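**Q** Go by the hints and put chain D with the ligands onto chain P.
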Amino acid sequence: MDVELIINGEEKTASIPPETTLLKLLREEFYLTGAKTGCDVGDCGACTVLVDGEAVNSCLMLAGQLQGRSVETIEGLANLEDFHPLQKNFEDLGSLQCGFCGPGMILSAKQLLEENPEPTKQEIQDAIAGNLCRCTGYTKIVEAVADAAKEMREEP
Amino acid sequence: MIRKGKGIGCMWYPIGFTVAANPSAATVKVNEDGTATLLTGTVETGQGSLTVLGQIAAEELGISTEDVHVVSADTDATPMDTGAIASRTTYVTGNAIKLAAEKAKEILFEVAAPMLNVKPSQLEAADRKVQVKGFPQRFLPIDEVALQAQFVQGQPPIGSASYNPPTVDMDPETGQGKPFSTYVYATQIAEVEVDDETGDVNVTYMAAAHDCGTAINPMLVEGQIQGGISMGIGFALQEEMLFDEKGVQINPNLTNYIMPTSLDMPDIDVDIVENFDPTGPFGAKGVGEPTAVPTAAAICNAIYDAVGVRITSLPATAEKVLALIKEKNEKDIKQLSPAE
Ligand code: FES
Ligand code: FES
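Going line by line, the protein sequences match chains P and D.
Note that numbering that gives the first Met the number 0 has the first sequence beginning at 0, numbered continuously upward.
Note that numbering that gives the first Met the number 0 has the second sequence beginning at 0, numbered continuously upward.
Just chain P, same shape as in the assembly:
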């Protein structure tokens, strides 16, 4: 089947078998390997991307459902000059270790900050609760999201 969609602001088309997941489409058709295959069954959040601004587990979504919709992946966040404030604050605080959870973590946080520019610590913890991290204990991740929120409020 054919699917037309927007990925990181660019129109794309692909011809794929109907059982292809969004995660497979991103990684294997478009070589956008930022979204990670952790469990492939919706448990870990490593594959999180934004579909029409909403964080989804891309391993659970069929690519066919994406017709005409807009997908944002971690590759779409930074430009050649600048990191996204979330990425910058994650880097400054050493929030990630192995980094496997990072793309999903940052995109879940991005959705949160778009909906709630001044989240409490509890709200940040809630927003990333579906993104498992084996390395960091989440502490510096939560701090970086709070710092990024502050930065984005100050210079929108």
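For the record, the hints were derived by calculation from the structure and aren't laboratory data.
Among these hints, one or two may not hold up.
Said to hold, decoys possible - Straight-line distance between alpha carbons at most 27 angstroms, and here's what the computed BS3-like set of lysine-lysine pairs gives:
| id | chain 1 | residue 1 | chain 2 | residue 2 |
| --- | --- | --- | --- | --- |
| 1 | P | LYS120 | D | LYS5 |
| 2 | P | LYS120 | D | LYS102 |
| 3 | D | LYS102 | D | LYS132 |
What the hints assert, rightly or not - With the Cβ distance kept under 7 angstroms, some of the chain D side facing chain P (calculated, not the full set):
| id | residue |
| --- | --- |
| 4 | GLY6 |
| 5 | LEU49 |
| 6 | GLY222 |
| 7 | ILE228 |
| 8 | SER229 |
| 9 | VAL247 |
| 10 | GLN248 |
| 11 | ASN250 |
| 12 | PRO251 |
| 13 | LEU253 |
| 14 | ASN255 |
| 15 | THR260 |
| 16 | SER261 |
| 17 | MET264 |
Stated by the list, open to error - Covered stretches of chain P, going by a simulated chain D footprint (3 or more residues, C-beta under 8 angstroms):
| id | segment |
| --- | --- |
| 18 | 5 to 12 |
| 19 | 40 to 50 |
Values in this document were obtained by computation on a predicted structure and should not be read as measured data.
By construction, the Cβ of each residue, glycine as well, lies at the ideal position given by its N, Cα and C atoms.
**A** For chain D with the ligands alone, coordinates are given in the frame of chain P:
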């Protein structure tokens, strides 16, 4: 009813292998532009070890960490390293790197000494310069010295070294020996809330004081401790591999093998206890595995403080804690009832 409790867990933990050889080797070369290249066989898995190892080389050579280019984990090109295990990288690999950088520095000093009219022993390396001790205004930029060493003296400033922690085998008769070259120490305090009607345990706070020698990179040390605490909480309360009688794991997914999420993490205060280990690179020891060690003990002691039951097998799931609370209540009632 929610009952609160506090508990303490203390530990020591050895760095490196038990007596067995676990060497690291390293090569450091100072380039003619004043940067340095470090070759190490160890691998970065996110803990930040290559940053710390680069810092060690930079400190020894008196240059900035950004000036050190680290080449790692390529068995074709890098010297042997036992590996990123046994909490040994900062200590064992770090010592090898410090020794290698020292050798490269000695060549720089030999070359710079006649240029500055002093003996090599009167020189030190700091701020990208080779300078006379006590007279920092008499100096040569390190790139100039490296260039001179390489192309005029024909003595490229390269150092290679290895380090194997000194140990003494245990005497089979007395059990005496020195199985490790150094140890790290830590104390953690947990605060928990236990629901005595469901057995559910919630860790609300954790204080963690760790002596890892000199903290070469405090931010990374903190990250290791926070990560270790999340692993310790999983160990204490959630994580368990279950097998059927044929040995097949019955909970192979993250929906039934439960590990901590962001919601399971308490507020954490990390206290890095400054200490200098004379055998470590710039006084450093290590911080990897020990961070996971005292967490479960502190939590179990806090559970005892809250509801008076001793956990003797992990994880302390709600079912297990509730069964122990019921058992204790029955015993207490029996003791209270008058003798027949
Ligand atoms: S890979 Fe999609 S949730 Fe784990
Ligand atoms: S940094 Fe390793 S899983 Fe999050």
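**Q** Does each hint fit the structure? Answer for all of them.
**A** These are the hints, each one checked on the structure:
At roughly 24 angstroms between alpha-carbon atoms, P:LYS120 and D:LYS5 fall within 27 angstroms of each other, so this suggested pair holds. At most 27 angstroms may separate the alpha-carbon atoms for a hinted pair to count; P:LYS120 and D:LYS102 exceed this at roughly 50 angstroms. Taking the CA atoms of D:LYS102 and D:LYS132, the gap is about 19 angstroms. The hint holds against a cut of 27 angstroms. Restraint check, D:GLY6 versus chain P: the minimum CB separation of about 19 angstroms is more than 7 angstroms; hint violated.
Taken as an interface hint, D:LEU49 does not check out: its beta carbon lies about 12 angstroms from the nearest beta carbon of chain P, beyond 7 angstroms. For D:GLY222, the shortest C-beta to C-beta distance to chain P is roughly 5 angstroms, which falls under 7 angstroms, so the interface hint holds. Hint on D:ILE228 holds. Least Cβ distance to chain P is approximately 5 angstroms, under the 7 angstroms limit. Annotation: D:SER229 was flagged as interfacial toward chain P, and the flag holds, the nearest CB pair being 4 angstroms apart, inside 7 angstroms.
Interface hint status for D:VAL247: violated, as the beta-carbon distance to the closest one in chain P is roughly 18 angstroms, over 7 angstroms. For D:GLN248, the shortest C-beta to C-beta distance to chain P is roughly 15 angstroms, which exceeds 7 angstroms, and the interface hint is violated. With its C-beta approaching chain P no nearer than about 12 angstroms, D:ASN250 sits outside the 7 angstroms limit, and its interface hint is violated. At a threshold of 7 angstroms, the smallest CB-CB gap from D:PRO251 to chain P is about 10 angstroms, leaving the interface hint violated.
Nearest Cβ of chain P to the Cβ of D:LEU253: about 4 angstroms, under the 7 angstroms cut. The hint holds. With 7 angstroms as the threshold, the beta carbon of D:ASN255 stays out of range of chain P, its nearest partner Cβ sitting at about 9 angstroms, so the hint is violated. Annotation: D:THR260 was flagged as interfacial toward chain P, and the flag holds, the nearest CB pair being 5 angstroms apart, inside 7 angstroms. Nearest Cβ of chain P to the Cβ of D:SER261: about 4 angstroms, under the 7 angstroms cut. The hint holds.
Given hint, D:MET264 at the interface with chain P, holds; its Cβ is 5 angstroms from that chain's nearest Cβ, closer than 7 angstroms. With 0 residues having a Cβ less than 8 angstroms from any Cβ of chain D, the segment 5 to 12 of chain P misses the three-residue criterion, and the hint is violated. For the segment 40 to 50 of chain P, the proposed coverage by chain D is satisfied: 3 residues have a C-beta within less than 8 angstroms of a C-beta in that chain, meeting the threshold of three.
Hint check: violations occur at hints 2, 4, 5, 9, 10, 11, 12, 14, 18; the rest are consistent with the structure.
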